[in-house]
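Participant: Residue numbers (our numbering), protein chains in the order written: chain A, 1 to 251; chain B, 252 to 298.
Derived by calculation from the structure, the hints in this document are not laboratory data.
Capping the alpha-carbon separation at 30 Å, the derived lysine-lysine pairs in BS3-like fashion look like this:
1. 5/A / 18/A
2. 297/B / 150/A
3. 114/A / 176/A
4. 155/A / 5/A
5. 18/A / 294/B
6. 151/A / 297/B
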Amino acid sequence: MSIFKYASPSTFYPLAGKIAPWFAVIAAILGAVGLYLGLFRAPVDFQQGEVYRIIFIHVPTAWMAMVIYLVMAAYGVMALTFNTRLSSMMMEALAPTGAMFTVLALWTGALWGKPTWGTYWAWDARMTSTLILLFLYVGYLALINAIDDKKRADKAGALLVIVGSVNVPIIYFSVKWWNTLHQGYSVATSGSSMDPTMRMPMLLMTFACWAYAIAVVLWRVRSIILERESEAAWVANLHGTASLKMSGARA
Amino acid sequence: MNWNEFFSMGERAFYVWGSFGAVALAITGEIVLLRMRLNKVQKKVKP
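The shape of chain B in the complex, shown without the other chains (with noise of 0.2 Å):
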């Protein structure tokens, strides 16, 4: 298998990486994001 030809997914990349990538973003972004808001009220309501 070859790794160019299949980053190139035949000429297509920007599409199918642009979907990909879009939904790791989002993942991503969200665990963060979820992180922060539970580590702030954990922190909010010790003493």
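One chain only, chain A, in its complex shape (with noise of 0.2 Å):
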């Protein structure tokens, strides 16, 4: 046996009801944990004031908008090399979790642009970037509503979210390639410029999208699997309309 036991929708159903309950309850904890950390240990940042708070929720959606294309993308290359149906449901059921993400990066970054930069938005490489990515998660999700033939659909979506993934890398760098109004790196590998104690709750918070994340989008690939699938014979023995036929044949 291997992984690709539950590469097929209908072992990984189960599955992924059993393991989502677990990722809402960490996501749970460590958004509690970050949130009292970021709001009430956490000292005032001398520069920016109380206001700077915003980051403990501005960078780990940030994040979370970006890496969650990523493993979309991840999932398009697996989806057109390999064929599998499970890689395409994957697909859709991050999108509008990546989405969300994406709106909420930019609207806790305005809030945040306004006090500490004087605008809510600029045509700051970032920010522009970052806009971008929110287009191209829309995007696929219209292009695989607007297609009816699923096949092609997901063909179509997972084309456009592979060659969209090198707006990525752009997002990630900007602040480095063009020296616009976004601050630079909050975490870095060698020498972070933030105080342990403001860290801390970010990275804390950033688990919890995370966690977050997983959860949600497999609570929805469950929705996708049964909507998808709604036809075959294992969705009726998951609801045992098999045995109620045995039964009744009995009778």
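Join these two chains into a complex; the hints should help.
Facilitator: And the structure:
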């Protein structure tokens, strides 16, 4: 037996149902601790004042916006090369949550920008490329819903997401490549510019967002599996239709 | 610790709570919508 056992919708459906609640619990715990440390324990920033606390939610949502897109692109590659149904379903399950995190990253960024930089929005390199990321998510969802033939829709969607993934490194490196409005990295591999008391809640909130995203994507993919495979025999078995028929035959 | 001071966020309440509130709203909304979607399809596949 290998990991491919769970590459089929019929085996992944119950597995997703079993592991999703655990990630939801992890998200709730990490989120609660992260919020407590971020809102009550982390000191005031000497430059930006209390408003800097927005980073505890802004940075995690922005990271998730990029990470979810890359995960989608990886599933896109799998969908195109191995032609696995579950990969396309995972892409469809990831996109709404990715789009939601992108909207939140832009929204919290705007609310941070106004008091800190004096403007809600600027055509700064990072902000513009993040807006393009949102258009990619929305474009993918529009595309797969516009094509009636599901197989063709999945292929076209996977292609769009893979091509669009070139945008993610642009977002990430934008603060280094262009000297525009957005500030530099908050966390770096060598010598982070953040104090540990501020970095800790941000990392906890990031892991909370990770766990949350895994939980909701697993829940959504369960819906998608049932919607797409509602005619399949295993779905009927799942809810005891087959056993009902059998008992009916006996009677 | 003073709660009024906490909620005022150094005169930046609109920005700070506007951010955290939006995230809370989005997460709650997503969970409710997912619940409804799963209930709907589970009802459909059940005889």
